[in-house]
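Chains as they are written, first to last, in this note's numbering: chain A, 1 to 812; chain B, 813 to 1301; chain C, 1302 to 1448; chain D, 1449 to 1573.
Note that these hints are calculated values from the structure, not bench results. Among the hints, erroneous ones may be present.
Under the rule of at most 27 Å between Cα atoms (straight-line distance), these lysine-lysine pairs were calculated in the DSSO-like manner [unchecked claim]:
| hint | chain 1 | residue 1 | chain 2 | residue 2 |
| --- | --- | --- | --- | --- |
| 1 | D | Lys1483 | A | Lys730 |
| 2 | A | Lys433 | A | Lys445 |
| 3 | A | Lys606 | D | Lys1483 |
To spell it out: a stretch of chain B is covered by chain A in this simulated footprint if at least three of its residues, at any positions, have a beta carbon under 8 Å from a beta carbon of chain A; those stretches are [as the list claims (entries may be wrong)]:
| hint | stretch |
| --- | --- |
| 4 | 1087 to 1093 |
| 5 | 1203 to 1217 |
Derived DEER-like restraints, expressed as beta-carbon distance ranges [stated by the list, open to error]:
| hint | chain 1 | residue 1 | chain 2 | residue 2 | range |
| --- | --- | --- | --- | --- | --- |
| 6 | B | Phe1228 | D | Glu1450 | 43 to 53 Å |
| 7 | A | Phe625 | D | Glu1450 | 44 to 54 Å |
| 8 | B | Asp1223 | D | Ile1452 | 50 to 60 Å |
| 9 | B | Leu1094 | D | Tyr1459 | 28 to 38 Å |
| 10 | B | Asp1223 | A | Leu580 | 24 to 34 Å |
| 11 | A | Arg716 | D | Ile1482 | 32 to 42 Å |
| 12 | D | Ile1452 | C | Ile1305 | 52 to 62 Å |
| 13 | D | Ala1529 | C | Thr1309 | 34 to 44 Å |
| 14 | B | Gln1015 | D | Glu1450 | 22 to 32 Å |
| 15 | D | Glu1450 | A | Ala702 | 52 to 62 Å |
Glycine included, C-beta positions come from ideal geometry on N, C-alpha and C.
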Amino acid sequence: MAASELWGEATNIVLSWRPVAVVLFPMTAALVLAVLGVKKKRHIGFWAAVAGCITFLLVLSLLPLLREGVVEHRFADMMGLGLMFRVDLLGFIFAFLMSLAWMLVLVYASHYLQVEGFPVFYFPFALLTLGSCLGVVLTGDLVSLFLFFELMTFSSFVLVITRRDRPAMAAGKLYLYMGVAGGLILLFGIFAIFNAAGTVEIAPLMQELAGVEKTGLGIVFGCFFIGFGIKAGVVPLHFWMPKAYGAGPAVVNALSSGAMIKAGVYGILRVLLLILTPASLEWSELYSFALSSGYWVMWIGLLTMVAGALLALFQGHIMRLLAFSSISQVGYMITGLGAAAYLLGAEEAMGYSGAVLHAFNHTLYKTAFFLIAGIIFYRAGTLELGKLGGLAKKMPLLTAFFVLAALGIAGVPGLNGYISKTLVHDALLEAYKLYGGWDIYLAEKIFVAGSALTLCYYLKFFQKAFLGEETRARIRSAPWLLYAPLFVLGLFMLVVGLQPGFFVEDFVLASTYAFTFEPYGIEHVARLDFFSYQPLAAALTVIITAVAIYVPLYRWKLFDRELPAWFSVESMLMLPAARLFYQILCRMGVTLDHSVNRLYFGVGGKFLKFCRYVGSFDSNLDSFFEQSSRKVYRLMERSRELDDALNEAYEKTGSTARDFADRSSRLDGALNRAYESTGRAARGLADRTAHFDKALDKTYAATGRAARNLAEKTTRFDRALDKTYESSSKTAQKLAGKTLRLERVEVKEPAPTAAPDGREKAEAGDRKGRRPAFNPLEWNIKNINFDQLLMVLMLGIVIFILFYYGRALVDL
Amino acid sequence: MSLHLPVISIALLLLASFVMPLLRRGARAAALPFTLSVLGAVFTVSLYLIYLVESRGAFSYHVGGWPPPWGVELYIDHLAVYMMMVLSSICLVVMVYGARDLYHEIRAEVMSWYYTLYLLLLASMIGIALTNDLFTLFVFLEISTISACGIISIKKDRECIEASFKYLILSVLGSGCVLLGVAMIYMITGYLNYDFVAQELPQAIAEYPYNILMALSLFIVGFSVKSALFPLHIWLPDAHSSAPSPSSAVLSGLVIKIYAAAILRLLFRVFPAELFEVVPVLDILLFLSVLAVMAGSIFAMVQEDIKRMLAYSSIAQIGFVFMGIGLFGNRALLGGLVHIFNHALMKSMLFLAAGLIIYAAGIRNIRDLRGIGVRMPLTMGAFAIGAFSMVGIPGTNGFISKWHLALGALDLGRPFFVAIILLSSLLNGIYYLPIVINAFFGVKIEPRSEHRDVPGMMLVPVLILAAGVIFFGFYPGPILALLEQAIVL
Amino acid sequence: MKDIVIRTVCRVIVPFVQVYGLYVIFHGHLSPGGGFAGGAILGSSMVLFALSFHLEAGAQKLGHETSSYLESGGGIWYILIGLLGLALGSNFLTNRAAGLGFGLPGQLFSGGMIFLLSLGIGVKVASTMFTLFYNLSEEEGSGGDHQ
Amino acid sequence: MEIISRLLENYYYFVSMVLFIIGIHTMLTHSNLIKKVIGMNIMDTSIFLFFVSIGYRRGGMAPIIQPGVEAEMYVNPLPSALILTGIVVAVSVTAYALSLIVELYKQYGTCCANEIAQIRAREES
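With these hints in hand, go ahead and build the complete structure from the sequences.
Below, the structure written as structure tokens:
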């Protein structure tokens, strides 16, 4: 190894408090500033800058320790698992670039933020974010990493909403939700790793994961990739970035883009190249997993690169342009990492060192770009490219820095971007050499196209802002301290570009000791000559392609076109997905509640209908009884008439008979004297007849009365029946009315807003036809009657389930 | 003497609660210090009992000197002392808060009754945690029900009365179920003591399978209505949101969980394990807990009243406890049990913080909370910590329980539940974080009512609980060590 | 109620009912009954008195304050007796094992502390019933009752 | 037939279950709060009945120690003793529920749950 004599062995562990101090110092400083700084706004910037410098020095103080070996500090029983700080050279590189960016930006911000009206929260939270970022790269296990990662999300959220206006709040919310969601997905991956491997230390775990099948590994890796990729801005997950950057001031964006997205890249790097890579390079199932995941990561990187560059080309706002540029640049790093994993065992050091170096370089020039944008805003008051122009004359120094940074990012030889891009490009070429195939060939071409596009949009930036007509915006002077960070950054860029060997060999390649790379690959990179024919030719190709793209675009004024709103991943994919998610969740509740309501009302309606049936049946019966009773009554009437007639007839007969008897008695009297005995006999007969007659009379009267009684009883029964039915129908009606009223009362209530109580039934009105009104406040069943029903239902269900299974118990 | 401590603490609480109404006007000032000292004593006793149980193992106590099958037995094992510690610590802290807060929520005449009910509630909950006897369990269950309803309805507005009536009816229905279950168990086995019942049940399965199942289902339904497991949670939002803030804190933080702990004991100490191989009791609980976690979060998302939102969130959180029970792996159980403590800490803190906001600013609606963080930084800071803990940010204790639950689910090869846990974390984030954000960074709105100063006596408990959330987020070791022994049931 | 018959009858009956209640309390360990049953009888006698005469007359006989004192006192009494077992060096609520004197079975003082416990319970139940009755009838349910 | 004979044998279980269901049904379907409480009491009573019937022995004596009586002759005293406690609890719950109802009646002027819900809904809208 090239630098093994410079750095300690990976196996040599140095115990030291210093990493803890590095992480805790900015956090403590943030706390102190937050407490003290509320009153003294003026000095807070100065002290924050001082704290940033001290942090930088603290990070540098890790160097001598690293010469002896890996620095470690453990808190054994923290969080149940132990918190562990572990610094190797790779972590140091990232810590270095982060603390560098922070220091410069804080110095800058102490003077810059007066244009933003000095948001008090900025400085403490910037320092807190610094602490958590350093925590992310200096920890040695995934849980601690996750802890700091989440902390970073929350503290940087406050930075994103520095301006606290509507777009800033919206962007901040999106950022936060993405961050939390990403964190949870990450957590899932950590759970899975811990479950399979029994440890969360960041170390080669592939052997411990051997039992996991390949799809499982894929899911785990996917979780990590999504979790970190959200922070890094990998393409389908990047959409929060332009929003957040567009809404934040330059000093925040410089931090986010310069350093924070590196935390995401760092995570992907660790997981892809360390945790999910076999410790030895024997060919195995796991080995092939690493290769194939590397292949896909490479393609995602290329997609990110090209998509970011293409979108950047059409932005009219400097911040958004730089945001897309950052996305595109992350694409380089991801491509490099993918290539490194894909080339496992052969030339992976190439891709790896390209990615790491590119992360470093990107920090340098992207921080510079944002600071430049900040100065533009400071002096000109606007960041719309359309309103700017001719800045080159007004600010020559700024123009010079811009050109330096633009050439750097475009990969012009002699500056830093060239080195890292060449490394990544070479990694792709090596992959083509090793595996062949049209896809890798295509990948290489896409890489060139992406680089060309990068150059294009910076040309556009340059032309719009610095050339052309002079802006009408007022220009005010800026303090020299705003330029100081740019000097430092420019210096670094030049040094890296002109003396690549120092950085590539002594730092980047040396940091490979944490990984399972083959020595000869490392040697190969170390021996690489950046100023030989091939890489220079590649750079030239890029430039020529860029010009070929730029000129026609410029001619036809295609730059001024804004992309249509729907043409973004966000509106095409993510928003619908989020909406779908929300809808599914809410709909679930609504559906449940509605079905319960419907049950409630359905039962009511059925009952109502039933009551109506009963009512109509009842009225039918009623009318039937009425008619029949009327008939019976008529019949009775008739019979009475008949009876009367008969009575009369008998009466008449009787009177006639009496007449006759009288006459006969008279005759008899006359005869009596003559025929006494005959007369007596005749009288007896007459008497008997009268008796019989009376008896008959009586009988008929009795019959008549009985008949009348019967008739009366029937009528009474009829009336009673009548009454019963009437009352039952009335009850039924009342019930029906109640149900109706209930329904009506519920329906009458206005659906929207206000309190949730007693309201669930309002939906009854909506239940037909339209989809259910979407007012989730109404989802609370509040009827006291209803609760117990639910309880009994539950009891019934539980009993049923248990008894269903209980049959097996009998056989036990 | 130290073996008498559990029963002494219960007796002390009962004694204190009976003494409270005796205090007349002159002595009323003594009520608060007296209550606090009793609570403090019980808390100290619980800490000592932890030490005792750690050093000499679980022991049982025979009330009245009668040995188990005849007498009432208290069984003091790791789970019992854990629950006792949780109960007494939270009760102590909440009472410190309530000392000031209650005077503006309830009338001064009934304050001594509040102390009575509060102490009685704590006594009965400790009784539930310690008892080893089914019928004593029922008696304590009823006492806790009545006193829990009492500390809601003591605030005499119509919401409280209605909510407590609803709570009362439902939980009486629940304890009716429990009593019927006890009766069935007694009918089958002839014992009421847990150990003896557990001895008898395996033989009884063949003879009376349906009775046992009936008893089991009655227990499940009875306890789950009391601990507000998902479809039976309907009483909870009203009850917990309308009650005075200290009551809400205790109800949401402790009362619903003691029943979960009770059913945990019943399921794993009384019913034979082979029963669960045949009968999907645990799966039912698991299914319900998943529903609870999701539904609670979803319902909480759309609330406007802050206390109501917290109440719905409790429904989701009790789901986690039951998920731990339902998963029935060592680690998952550990996660579920440690969530009892963690949730007690954070939810009582959140309720107290909400009560503080209501006290100071008179705001209940979430939308009106914008900019309140600037006026009440410490309160909202504590609230923010609680919110982070609810989301499960590492460094807070909510993370610890979710970590163990999720790992427990993975141990059993059920990653679906990990996804549910994480999804609910996300949902928690969706409804908790905007409150915090708006409170600190939202555009300020003019306060409608007079802003009262926050008394230190109310603020300190909130801060203590917040510190506890952070502390046990970083050092859960002692609690976990205790629980690891507790789950060896 | 102003019915003279009821008043007279109650005036005669109440003392007997109360004596019976006390009997049931004291003989809790000898015959069916005990603290709760006896207390309920005792309490209902007082309720009967209050019903038949006047609420205020009843309140004069047993004031609200006194009643709630008795209520708490009954509970305290119970627990103190329970603690007595502890004081005697045995378990909570211990009776025989704590070395308390037991008389002959069937006699009044044959149950150790049970007699005293029943008394406490009886007093508590009686006063609770009375308090409850007043709370409900005067519509001032404080909601603070318990076992 | 066997079921019927078993039911007849254990009629007290059957009756108590019927009572239980009647109680729950009353609690469930009646809107009147007092009827709910009555239903609650019926339910409780059914459980008590069940419990006591477990301990009952046909022709048994009251469990008071008397010289010369075998232990088998006594009725099992435990359920009765327990149920006494249960009754106390039920009484206090009932009293508490009634006092709540009184309070509700004062607030709303009705004892009907539905009407209370309607009043609340009207107030809130």
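Results for each hint:
no. : hint                              : result
1   : Lys1483/D - Lys730/A              : holds (24 Å)
2   : Lys433/A - Lys445/A               : holds (14 Å)
3   : Lys606/A - Lys1483/D              : holds (26 Å)
4   : 1087 to 1093                      : holds (count 5)
5   : 1203 to 1217                      : holds (count 9)
6   : Phe1228/B - Glu1450/D: 43 to 53 Å : holds (46 Å)
7   : Phe625/A - Glu1450/D: 44 to 54 Å  : holds (46 Å)
8   : Asp1223/B - Ile1452/D: 50 to 60 Å : holds (52 Å)
9   : Leu1094/B - Tyr1459/D: 28 to 38 Å : holds (36 Å)
10  : Asp1223/B - Leu580/A: 24 to 34 Å  : holds (32 Å)
11  : Arg716/A - Ile1482/D: 32 to 42 Å  : holds (38 Å)
12  : Ile1452/D - Ile1305/C: 52 to 62 Å : holds (56 Å)
13  : Ala1529/D - Thr1309/C: 34 to 44 Å : holds (39 Å)
14  : Gln1015/B - Glu1450/D: 22 to 32 Å : holds (25 Å)
15  : Glu1450/D - Ala702/A: 52 to 62 Å  : holds (59 Å)
Hint violations for this structure: none, all hints satisfied.
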